[in-house]
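Numbering that gives the first Met the number 0 puts the first residue of the sequence shown at 0, with every later residue one more than the last.
Hints were generated in silico from the structure; no laboratory data involved.
Incorrect hints may appear among the rest.
Heads up, simulated BS3-like pairs for lysine-lysine below, C-alpha to C-alpha not over 27 Å straight-line [what the hints assert, rightly or not]:
(1) K334 <-> K344
(2) K345 <-> K330
(3) K257 <-> K345
(4) K257 <-> K337
(5) K279 <-> K66
(6) K265 <-> K204
(7) K66 <-> K334
(8) K204 <-> K257
(9) K337 <-> K265
(10) K334 <-> K279
(11) K49 <-> K21
(12) K150 <-> K204
(13) K49 <-> K288
(14) K21 <-> K421
(15) K66 <-> K257
Here are the in silico distance ranges between beta carbons for each label pair [stated by the list, open to error]:
(16) E135 <-> D162: 43 to 49 Å
(17) E175 <-> V264: 43 to 49 Å
(18) E410 <-> S33: 16 to 22 Å
(19) T57 <-> R404: 23 to 29 Å
Even glycine gets a Cβ: it sits at the ideal position worked out from N, Cα and C.
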Amino acid sequence: MAIESLGVGSNLDLTSLLSSLKKSEQAKLEPITSKITSTNAKLSGFGQLKSSLEEFQTAAQKLNSPKLYEGFAAKVSGSALTATAGSTAAAGSYDIRINSLATAQSLATAGRADTTSTIGTGTLSVKVGDKSTDIEITDGSLAGIRDAINKADAGMKASIVNDGSGTPYRLVLNSETTGAASTMSFASDNSELNALFSGTTETVKAADASLTVNGLAITSASNTVEEAIQGVTLNLVETTAEGASTKLTVSQDTEAVKTAVQDFVKSYNALADKITSLTKVSGEGDSVKGAALTGNSTVRSVQSTLRNVMSSAVDGEGMNYLFEAGISFSKDLAKSGKLEISDEKKLDDALANNLDGMKGLFAGDGKTGIAARLDTSISQMLTTNGAIGSAKAGLESSVKSLEARSLRMKETIDTTVERYKKQFQQLDSMMSRLNNTQSYLTQQFEALNSSSKN
0 MAIESLGVGS NLDLTSLLSS LKKSEQAKLE PITSKITSTN AKLSGFGQLK SSLEEFQTAA
60 QKLNSPKLYE GFAAKVSGSA LTATAGSTAA AGSYDIRINS LATAQSLATA GRADTTSTIG
120 TGTLSVKVGD KSTDIEITDG SLAGIRDAIN KADAGMKASI VNDGSGTPYR LVLNSETTGA
180 ASTMSFASDN SELNALFSGT TETVKAADAS LTVNGLAITS ASNTVEEAIQ GVTLNLVETT
240 AEGASTKLTV SQDTEAVKTA VQDFVKSYNA LADKITSLTK VSGEGDSVKG AALTGNSTVR
300 SVQSTLRNVM SSAVDGEGMN YLFEAGISFS KDLAKSGKLE ISDEKKLDDA LANNLDGMKG
360 LFAGDGKTGI AARLDTSISQ MLTTNGAIGS AKAGLESSVK SLEARSLRMK ETIDTTVERY
420 KKQFQQLDSM MSRLNNTQSY LTQQFEALNS SSKN
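Generate the whole structure from the sequences, applying the supplied hints.
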């Protein structure tokens with residue numbers, strides 16, 4: 000007869016004993032589990048390092064782009080306009096006077112007592128400049144006509160205005176396009192609709208913008224004026240005061256290059272901080288503890304490679320080293336291993352007077368500059384066979400192997416514990432039978448003794 004609860008038949012604490020044996024067996028898993036945890040931590044560390052490297056690579060790629068050094072910036076004095084310069088712009092200075100802004104035509108119908116009474120239904124033909132649209136008016140009220148126009152994408156928008164008079168409701172029509180050519184006209188096969196629209200009043204006239212650039216008169220149907228100045232887009236905001244003008248200066252965009260240099264320095268320092276956090280040692284004595292990648296040779300190799308690229312010379316005439324652009328590795332021990340703009344005056348001077356030299360230093364011919372070489376080096380590191388790629392692949396393989404080993408160990412432990420349990424059940428059954436036999440014999444001896452006394 001099987002005994003369900005261990006120890007019942009033997010009066011032994013076999014359940015506690017089995018639990019202790021199980022705990023002892025499971026302790027064999029701890030080294031494997033610990034190894035999986037530490038390997039996953041390293042894998043996570045390399046993932047973080049990879050992300051930081053990619054961010055630094057992006058900053059380097061920006062400095063390796065020829066377009067960065069070919070850009071132009073437009074600076075405007077005053078608030079009359081804004082301007083943007085494209086890649087085809089040319090350096091120059093311009094005096095701009097804005098005489099008038101481009102406007103869109105606005106019309107208003109005669110007033111009506113309400114917005115719901117029917118005026119007329121039928122086809123309303125509208126024209127804005129060269130665009131013609133036929134609109135079917137099925138709800139002939141003022142509100143219905145407004146809604147039909149707004150749904151038609153006819154190049155105009157309609158609204159209802161209450162002017163406070165005895166017949167206050169007026170349909171107001173606004174062209175969506177500025178310029179003298181973008182006037183609105185209406186026709187209908189319904190006489191009431193014809194009457195409504197033929198009786199409109201012009202509240203804003205359609206007009207072109209008028210301006211002068213260095214004394215040359217220019218008109219534009221839009222307040223966005225393109226190519227009046229080569230490669231420059233002017234956005235007209237307001238007219239200039241009589242006798243006054245706005246100054247526009249177009250020059251090479253050295254600020255964009257400076258920002259890219261600053262981002263390059265910040266990004267490298269962020270990478271340096273990440274490497275420090277992944278390799279630092281904390282604590283003292285017996286409590287010393289390393290980070291996920293402490294002592295890792297791959298990390299040291301990555302750091303060394305990047306530093307060597309940034310410290311080595313660029314071939315060619317002009318600027319050959321970072322320090323010539325005012326950039327160097329910090330001499331401050333607290334910032335050891337980090338880049339800094341150590342001489343901003345030197346950087347500004349290089350940007351103002353030697354932009355070609357800056358381009359040669361960082362980009363070169365697209366392969367020889369410092370930023371170009373960094374881009375290539377980081378790409379190699381991150382490939383499957385590169386330093387980071389290989390390290391990650393090796394760790395991922397180790398995790399899979401350890402997990403498979405852990406699974407096999409768990410199966411072995413489960414089998415062993417199950418064997419212990421069966422053995423204890425057998426012991427329990429045997430001890431139960433022995434105890435029953437002992438009890439029976441005791442009763443028989445007691446009965447015999449009692450009989451002999453009588």
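Hints, one by one, checked against the model:
1. Of the supplied pair hints, the one linking K334 and K344 holds, its CA atoms being roughly 21 Å apart against a limit of 27 Å.
2. Distance restraint check for K345 and K330: the Cα-Cα separation of roughly 18 Å lies within the 27 Å cut-off, and the hinted pair is therefore satisfied.
3. Of the pairs offered as hints, the one joining K257 and K345 holds, with about 12 Å between alpha carbons and a cut-off of 27 Å not exceeded.
4. About 18 Å separates the Cα atoms of K257 and K337, which keeps this hinted pair within 27 Å; it holds.
5. Our distance criterion of 27 Å between C-alpha atoms is broken by K279 and K66, whose separation comes to about 40 Å.
6. For a cut-off of 27 Å, the pair hint linking K265 to K204 is broken: about 54 Å separates their Cα positions.
7. Taking the CA atoms of K66 and K334, the gap is near 33 Å; set against the 27 Å cutoff, the hint is violated.
8. Restraint check for K204 and K257: not satisfied, since their Cα atoms lie roughly 47 Å apart, outside the 27 Å limit.
9. Only pairs whose Cα atoms come within 27 Å are accepted, and K337 paired with K265 is accepted, the gap being roughly 9 Å.
10. Between K334 and K279 the CA atoms are separated by roughly 15 Å; this keeps the pair inside 27 Å, and the hint holds.
11. In summary, the hint linking K49 to K21 is not supported, as the alpha carbons are separated by about 42 Å, beyond the 27 Å threshold.
12. Our distance criterion of 27 Å between C-alpha atoms is met by K150 and K204, whose separation comes to about 24 Å.
13. The straight-line distance between the Cα atoms of K49 and K288 is roughly 23 Å, inside the 27 Å bound, and the hint therefore holds.
14. Taken as a hint, the K21 and K421 pair is honoured in the structure, with Cα atoms around 13 Å apart against an allowance of 27 Å.
15. Taking the CA atoms of K66 and K257, the gap is about 14 Å. The hint holds against a cut of 27 Å.
16. A beta carbon spacing of about 29 Å between E135 and D162 contradicts the range 43 to 49 Å that was offered as a hint.
17. Our hint of 43 to 49 Å for E175 and V264 holds, since their Cβ atoms are close to 48 Å apart.
18. Look at E410 against S33: about 20 Å separates their beta carbons, and that is inside 16 to 22 Å.
19. The hint said 23 to 29 Å for the Cβ distance between T57 and R404, and at roughly 40 Å that hint is violated.
Checked against the numbered hints listed earlier, the structure breaks hints 5, 6, 7, 8, 11, 16, 19; every other hint is satisfied.
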